[in-house]
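Peer 1: On the provided structure of chain X, position chain A as indicated by the hints.
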Amino acid sequence: MPMLIVADDSMFQRFQSAKTAKEAGYEVIEAKDGAECLRLLREHHPDVLLLDLNMPDPGGVAVLEALAAEAAEIRVCVVTADIQETTKARCLELGARAFLNKPVDHDVLRRILADLLAECGC
Amino acid sequence: MSLSSLQLDIMQELINIGVGRAAGMLNQMVNTHIQLQVPVLRVLTPAQLAALYATRPNSVFSAVQLSFTGEFAGLSALIFPPASADKLVSVILGNGNMPAEVAAMRTGTLQEVGNIVLNGVMGSIANILREPLRYSPPDYLEADIGSIIGQSQGMVLVASTQFSMKDHLIDGEVLIIFSLSSFDSLLSAIDALAAG
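Those protein sequence lines, which keep their order, are chains X and A. Anchor point for the first sequence: position 23 equals 23 in the UniProt record's numbering, and the numbering is continuous, going up by one each time. Anchor point for the second sequence: position 1 equals 1 in the UniProt record's numbering, and the numbering is continuous, going up by one each time.
Okay, chain X solo, but in the shape it has when bound (with noise of 0.2 Å):
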């Protein structure tokens, strides 16, 4: 079963993710901060990561940084209040492949889900 990771610090935004994402068909593993999403990351390499911005210690944008350098291939999807363009540019550089604002578009998130799922045969 394809896994994927929902990092954010509200569980209420968790809970709602990793809803629509068991209903995709990923197994789901949820970390609420961004030193443990990049500890799952590690251990788990995971084919999707649900990625929150504005977490504690260290942010989503240092996750991608650290992803940038160390798991490219992890496919992240990030789903943030952040609606900054600079925000959203600077999330695409550093190889977010979908770029989502909250509240999320469920129908939007399965949509990405699902391509996500096609891209990496799983």
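Keep in mind the hints are simulated off the structure, nothing from the lab. Treat the hints loosely; a few may be bogus.
Restraint ranges, calculated between C-beta atoms of paired labels, are given here [said to hold, decoys possible]:
# : chain 1 : residue 1 : chain 2 : residue 2 : range
1 : X       : Arg110    : A       : Gly146    : 44 to 50 Å
2 : X       : His44     : A       : Gln162    : 42 to 48 Å
3 : X       : Ala114    : A       : Ser136    : 30 to 36 Å
4 : A       : Gly94     : X       : His45     : 34 to 40 Å
5 : X       : Leu92     : A       : Lys166    : 35 to 41 Å
6 : A       : Ala143    : X       : Ala114    : 53 to 59 Å
7 : X       : Glu93     : A       : Asp9      : 34 to 40 Å
8 : A       : His168    : X       : His44     : 38 to 44 Å
Quick caveat: nothing in here was measured; it's all calculated off a predicted structure. Cβ atoms here follow ideal geometry from the backbone N, Cα and C, with glycine treated the same way.
Peer 2: Here is chain A on its own, set in the frame of chain X:
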């Protein structure tokens, strides 16, 4: 510290645009029309602001705070009377959708609503002024207004917008407080926008 009428007009319009965007986000979350009032801008001391809120029927508010830094820095807060916060949580989570950790979920839900709404306001302003902001993770607290805004010295620019969701009897307020140290940078960015 005073704003020219043009600076005031631009600032008010920026906040109006941002609150409009935030209302769109809230509307998507609760699936109901959000009614907005025109934002009110004031330059006050923290003590004056606290005194203003002390006259209200509710002295304790549910608040989500989002601190921001960048060319200008400050604190934005989304505040609700606690009863409205409770109604909002039940509307968003709905029945039968609540995990075991009810209290943590209530806080987490309000924190995320605040995060989304405040990012809607501050992100719009940052996009229009072309001044990127960095945010701290949102904090949730239930306190009087003095504790929410802190006791810093000097004057603060306070923008407040009332909103309501008539179908659910929910009302609240977006309160944005710009700290004095960064006020000049904010005005410079507004002047640059006015100059085209």
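Peer 1: Does each hint fit the structure? Answer for all of them.
Peer 2: To see whether the hints hold, each was checked on the structure:
Against the hinted window of 44 to 50 Å, the Cβ-Cβ separation of X/Arg110 and A/Gly146 comes to about 45 Å, which satisfies the hint. A C-beta distance of roughly 46 Å is found between X/His44 and A/Gln162, which places it inside the suggested range of 42 to 48 Å. Between X/Ala114 and A/Ser136 the C-beta distance comes to about 34 Å, which sits within the given range of 30 to 36 Å. Taking 34 to 40 Å as the suggested C-beta distance range, the pair A/Gly94 and X/His45 conforms, at roughly 36 Å.
Roughly 39 Å separates the CB atoms of X/Leu92 and A/Lys166, a value that falls within the hinted 35 to 41 Å. About 44 Å separates the C-beta atoms of A/Ala143 and X/Ala114, a value inconsistent with the hinted range of 53 to 59 Å. The hinted window of 34 to 40 Å between X/Glu93 and A/Asp9 holds, with their beta carbons roughly 36 Å apart. Checking the proposed 38 to 44 Å range against A/His168 and X/His44 shows it holds: the Cβ atoms sit about 41 Å from each other.
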